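Using the sequences and the accompanying hints, generate a full structural model.
Quick note: the sequence shown uses my numbering, first residue 1, plus one each step.
By construction, these hints were calculated from the structure, which means they are not laboratory data.
Take these hints with a grain of salt, some might be off.
What the hints assert, rightly or not - The following label-pair restraints were derived from C-beta to C-beta distances:
hint, residue 1, residue 2, range
1, D74, T130, 24 to 34 Å
2, Q114, T61, 21 to 31 Å
3, Q114, K75, 17 to 27 Å
4, P17, I78, 37 to 47 Å
5, I78, R36, 21 to 31 Å
6, R69, K31, 11 to 21 Å
Since the model is a prediction, treat every value here as computed from it, not as a measurement.
Cβ coordinates follow ideal geometry from the N, Cα and C atoms, glycine included.
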Amino acid sequence: MEAFVELNNSGAEPDTPKAVIRIKAYLRAVKKELARNLDDSVEFINLLYDAQSNRLAFDETRDQYLWFRFGWDDKKQIQYIIIYLCIKNGKVWVEEDATNLCIVDDLLSAGIPQADIVLGFHHPSKRGFTEFATA
Numbered sequence: 001m002e003a004f005v006e007l008n009n010s011g012a013e014p015d016t017p018k019a020v021i022r023i024k025a026y027l028r029a030v031k032k033e034l035a036r037n038l039d040d041s042v043e044f045i046n047l048l049y050d051a052q053s054n055r056l057a058f059d060e061t062r063d064q065y066l067w068f069r070f071g072w073d074d075k076k077q078i079q080y081i082i083i084y085l086c087i088k089n090g091k092v093w094v095e096e097d098a099t100n101l102c103i104v105d106d107l108l109s110a111g112i113p114q115a116d117i118v119l120g121f122h123h124p125s126k127r128g129f130t131e132f133a134t135a
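This is the structure in structure tokens:
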């Protein structure tokens, strides 16, 4: 419901059941694809990063979704964002994708159109050169 409130307050989309259904579908797709990408990679990751753990964090109140690595590399603490997605103004923002798995392709396969995906890791002046939403 928070996504619904955010949309209403931003004025980006009218209060329609269709908009609410679309945002809820995006939320399900984002969570599913993050979990699937982590599950598909966990064996390989564990071989490389013995003393580190990979974690998912879902903040459904603020529509923020993270896959991050946390742990130790000898005496150095590791805190690293692997994938960071959020939903703002009815669009899925890909803020970080430090994988070769390409979460964007997974979001497209899940039915989220290019017009509703923002490549937030690109500078705003460069987003217009992509096939995706600019904001």
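Exercise. Of all the hints given earlier, name the ones this structure violates by number, lowest first.
Key: 1 and 3
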